[in-house]
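Chemist: Sequence:
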Amino acid sequence: MQPFRLRLEARQWFKELRDQKAFKTDFDAFYFCFIAGVTTKRKEAASPEETAELVAYFPDRYSSRGKLLLGLFLKSELEVLGVSMDERRDVYSTISRLVTPEAPNYLSVEGVREFNKYAHGGYDQLIEWFGDKPRSLETFLRGFKLKIDQHEEF
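Under our numbering, the final residue of the sequence shown carries the number 144; numbering is consecutive throughout.
Just so you know, these hints were derived from the structure itself, not from any lab.
Treat the hints with care, as some may be off.
[What the hints assert, rightly or not] Ranges of calculated distance between the beta carbons of each label pair, as one might list FRET restraints:
no. : residue 1 : residue 2 : range
1   : I138      : A12       : 15 to 23 Å
2   : S54       : L(-2)     : 41 to 49 Å
3   : K11       : Y47       : 16 to 24 Å
4   : K5        : K65       : 40 to 48 Å
5   : A35       : A93       : 17 to 25 Å
6   : E40       : R79       : 35 to 43 Å
7   : V81       : A42       : 31 to 39 Å
8   : K65       : E43       : 40 to 48 Å
9   : S86       : G133      : 33 to 41 Å
A virtual CB, placed ideally from N, CA and C, is assigned to each residue, including glycine.
Can you make the complete structure from the sequences, with help from the hints?
Modeler: Have a look at this one:
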């Protein structure tokens, strides 16, 4: 089972929110990075040395939202690959490569790798949007929602 991975830079960027207990786990930081990346369709590769291994499932409050996150991922990935929903065979082939229904995170090894790329690219997007690291959850959430709403295509 391939785990989700968080860039070490992202872990450091969100450190104050974690220290304030606003973020309970590193998956909270991963989530915001992923949403920024998947919304803007921004992907970035990162080596294992540049990342921290998280879990291979959707933890805690994310467990009930795992399929929603999977849907956002698949929608963006199909668009990035230029696969139209009218091309049934291509849609099926792409989803078959990325999804493993019996896996705890519903993703194949390739699927997790691509899912992580959205989180890695999303971190870069957060840096562009905010510059400085977040100091309070309330301020970050307001700014994050504003930026997502400006880019939202879902």
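Chemist: Each hint needs a verdict: does it hold in this structure or not?
Modeler: For each hint, the structure was consulted:
1. I138 - A12: 15 to 23 Å: 18 Å, holds
2. S54 - L(-2): 41 to 49 Å: 28 Å, violated
3. K11 - Y47: 16 to 24 Å: 23 Å, holds
4. K5 - K65: 40 to 48 Å: 31 Å, violated
5. A35 - A93: 17 to 25 Å: 22 Å, holds
6. E40 - R79: 35 to 43 Å: At roughly 36 Å between Cβ atoms, R79 and E40 fall inside 35 to 43 Å, so the hint holds.
7. V81 - A42: 31 to 39 Å: At 33 Å between Cβs, range holds.
8. K65 - E43: 40 to 48 Å: 26 Å, violated
9. S86 - G133: 33 to 41 Å: Cβ of S86 to Cβ of G133: about 38 Å, so the range 33 to 41 Å holds.
Checked against the numbered hints given earlier, the structure breaks hints 2, 4 and 8 and satisfies all the rest.
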